[in-house]
Amino acid sequence: MDWITIISTTVKSAIGVETVLYALAAIGINIHFGYTGLLNFGQAAFMGVAGYGLAVTVTVLGLPFWVGIGVGLAAAVLLALLLGAPTLRLRADYLAIVTIAAAEIVRLVFRSVQFRDVFGGSDGQRGFSDGFYALNPFPEGEYGIGWFSFNHRLLWIMLVGWVLVALSCGIVYLLMRSPWGRVLKAIREDEDAVRSLGKNVFSYKMQSLILGGVIGSLGGFIYGLAYASVQPDVFGTETTFFAYTIVILGGAARVLGPVVGSMIFWVLLVLVNGVLSEAVQAGYIPFMTSIQVGPVRYILVGLGLILLLIFRPQGIFGDKREIAFDVR
Amino acid sequence: MSAKTSSAETSAETTMSDRKAAALAAFKDLARDPGVPKPDPILVVDGVTRRFGGLTAVEVAHVEIQRGSITALIGPNGAGKTTFFNQLTGFDTADAGKWTFNGQSMSGVPAHRVARAGMVRTFQLTKALSRLTVLENMRLGAQQQRGENFWRALVPSAWRAQEDAITEQAEELLARFKLDAKREDFAGSLSGGQRKLLEMARALMVKPELVMLDEPMAGVNPALTQSLLGHVKDLRDQGMTVLFVEHDMDMVRDISDWVIVMAQGAIIAEGPPDTIMSDARVIDAYLGAHHDAPLSESELEEQLHQAEAALEAEIEEETQK
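Residue numbers (the numbering used here), protein chains in the order written: chain A, 1 to 328; chain B, 1001 to 1321.
Treat the hints as calculated values from the structure; they're not laboratory data.
Here chain B is said to cover these stretches of chain A; the calculated rule only asks that three of the stretch's residues, wherever they fall, bring their Cβ under 8 Å from a Cβ of chain B:
no., stretch
1, 170–179
2, 189–201
Quick list of in silico lysine-lysine cross-link-like pairs, DSSO-like style, CA-CA up to 30 Å:
no., chain 1, residue 1, chain 2, residue 2
3, A, Lys185, B, Lys1178
4, B, Lys1182, A, Lys185
5, B, Lys1038, B, Lys1207
As the structure is a prediction and not an experimental result, all values here were calculated from the model.
Beta carbons: idealized from backbone N, C-alpha and C, even for Gly.
Modelling step: build the complete structure from the supplied sequences, incorporating the hints.
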């Protein structure tokens, strides 16, 4: 078995692009679900409209990179307004229903034959990331020591990604210690009580939905730029559920919970994958083929998460006292 | 220092009895009819109706609440008291009707604006914000917080000073309600009675003119009842108006200056607490109009037949087994 490969891919995955983009998506979900109690099951759509906003602006309209970023962010804000306006006055479940449906609609529109000229159908769009890599301050080459090294492109996107993660965490930290964050947390507990104290609950829920959606949309940009392409099926519902898993794993309503959750999630997936496929190839596990490794790693990680929920339901950083009073 | 405090206390005591006396004087010569006009109403309600399908839950023709008094709203279960509360505070939309608070129209105004105008309510099922600390619960009640704006929230120096002032005010209230030892505990860890106290204290952070308490005594143990009663009286003595829904008649008699009785959605009687329960309309509403009329012979006969029939059916069932 090639332990060097297993260890190197695992260690790299802890800070890799996947970790970054899921951390951003999960920070958004944490604002929605962890702090405000909003069940947004459409986070993938926020990532999708941002990624496609950038891709279509640059490739189809031929506009510069920064305009594309602007369009992507505006699309995320617009999506939040569209989803929130009819549902945020209703019970929490309605937002869940509407967001999961809207996310699927967005994905199906992106892959539809009708709009093939704009969104590129199921192949998606590519060739919009040149403007981003033109800004790369690192000269061409490999950076790092031994196997722990990245090429200049990967280094650049990872640097930008981690700066965005740090900024997002900083914003969440500041907001959640402020009276604004207090209103959000109070809405999570009981919105009628908050209303009776003179706060405009609808407005705060909308602000929360927009903020979390915009931070999640940064994950969509990172995906598009790292892989220099976007495909509709990347932004499917499982992306949203991975983000939820990450939030619960790291500990909901904790600033660094989603970041650590994302690191653990991807380290586990990559490690299990590496060990299993190496073991299958070496013939240690005769009853499995290498094709079965992909699904089995999800089964094992899922099992691990179930055990986590049983023995440490508050996640890695959560406060056990805090989840003890679930009055609902 | 001590002389000063004691003189402040005596003056506080005199204002207390003054306020009570003033409230009672205002009610002295009022008629006992539903909807009787009050000398200085803070809340005036006209024709409020709420229907759920075919059921008319609330149909209040006219009612006024006297400023600076403690008014009790009583009535049998299902009389529409809580629904009426919900209409007035914007938690439910009325099908018809107008009401004014301090002369300002409040019909159709959303709940948060009603609270900002100075009309704050509590709930029958206490709504303590469980996973917030007691102190955070209190701070939330303060109005006009600069830090509740998204952009200013990002700059702590923009709201820190105000936050300190709010905290000081919150701690004063917590001390008064004897919750100061619990300030850092999660509100979910408090007992039922303490939650009621916290909810009332939190409502006071809004600095309301009219406090509406929906069953403040429900589920509170007797030891805390006295202290809660004292706090409700305190509200009036500080110049606030109190309107509360309650089932416990001892409490109503003890603290209220005026009682309004609701039955089947309408207001059927008003009056001072010591005589209201002997009002014929109120007794009818609680016990039924014919509760003390003797049964006629044919009715007795009928009852006897029914009882016999039931017995026979039972015996038959037994034998079939």
